[in-house]
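So the chains spell out like this:
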Amino acid sequence: MIKKLSILAIFFYAFSLFQSSFLIYFSILGAVPNFILIFVIILSFFENRRENIGIIAAILAGLSLDIFSSLVFGVNTVALILTVLFIKKARCYLKEINILSFFFIFIFSAFIFNFLLAVFDFILNLSFNLTNVILIEVVYDLILGIVGYIFFKKWNSFLKI
Amino acid sequence: MKPSSKLKTAAILISTICFLALLNLTDFSKEIRGFFYSASYPVQKYLWESGSNISGFFDFIIYLKSLEEKNSELLSVNQKLLSENVGLRELKKENEILRKAFGIGLQKDFHLILTEVIGKDQDFILINKGEKDGVLKGLPVITAEKALCGKVDEVYNNFSKVMLISNNNSVFDAKIQRDEIYGVVEGKGNSTYFSFVPQVQEIKKEDIIITASLGGIFPAGLLVGQVKSVKRSDVISFQEAEIEPFFNIKNTENLFIIK
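Sequences listed follow chains G and Z, in order.
Just so it is clear: in the first sequence, position 101 is 101 by this note's numbering, and no numbers are missing.
Just so it is clear: in the second sequence, position 80 is 80 by this note's numbering, and no numbers are missing.
Certain hints may be false.
Chain G is faced by these chain Z residues, among others (derived, beta-carbon under 10 Å) [as the list claims (entries may be wrong)]:
hint, residue
1, Ile17
2, Phe19
3, Asn24
4, Phe28
5, Ser29
6, Phe36
7, Tyr46
8, Phe58
9, Ile61
10, Leu64
11, Asp123
12, Leu126
13, Gly134
14, Leu136
15, Asn167
Simulated from the structure, these hints should not be mistaken for lab results.
C-beta: ideal position from N, C-alpha, C; glycine also.
Throw the hints in and build the complete structure from the sequences for me.
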């Protein structure tokens, strides 16, 4: 368990670095894909409902995002935890896991995450950043998320901790 | 979720929020960020340079398509600038003579600190100079071409975060270069606007906006951007123009902090 969590922590840290320094150059209309959010959503979607790996991953991923974020430290972590809790709750109502349910959960989760960030930023900095870029970013993330879904479906043995 | 599982989740959530609140209240979050910036600096710098090179290559391919058209455009601009240059040389000579005659000294040059960009998040960039290099909060950051990028927002030991002029919280006074038309440059997320200009004043497309030192935030005369479009309305007393900032993160590696 500790070994897998350490791997996850390193993975998230590396991707935060990659996102803030490399992917910036490949933005589409100002939107940059959030690989960490994509990974956390997929992980929470596929995890066993009794497990808490999604929340632990959200904490590790959120902290990695917070290090390189311009927002108040911890905002990404809390937003990711709440997003994962939404996915867990939504999973209770799902009869079966398929690409269609993933599609809707992904869209809602990505919007919730970005909306929470905008709300927290407004509360803590009095700055409102909810722009149409979020919409582009969600679409961008969704395309990569679907690729991730296909990949994960074949490789979800990692989650059986 | 079972009650025990719910309890466990709530405990994780509450303890995480408490831990994060404590980090922010004690300012320890700044130390953590500073530590990770230092630890990941070599990798971050390498990634930033690689991103710049790779995107530059793709941009070049796209640019090749419009090269011929751009070339003839630049030739005509060059001709225009050459004739302007001749006129300016004459003015410079005249200006020097007048300065000598009236005993006016040239404006003291800025004290500049050279810095490199290593990361970006929303409307903030991370630069590799910090408290140890004498960087202070609020100092202006410019490019080699004297184009304004923003101001230092947060200072760590060896790094600083710069708030770009496109940020929602960025507001400063500016004017149109060709005329004494004053207004305010406001960041609105991914776009930047020149606003609070009375309707009677005329803003033209491609007008150049420069800083004015009325508010004392930035020194006067720094390039801000070029007018992209003008928004007028009869129902409001002010007009605003969307501007294209001269500062482009994709073409910038080195910046200067004005001390």
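Hint numbers contradicted by this structure: 9, 10, 13 and 14
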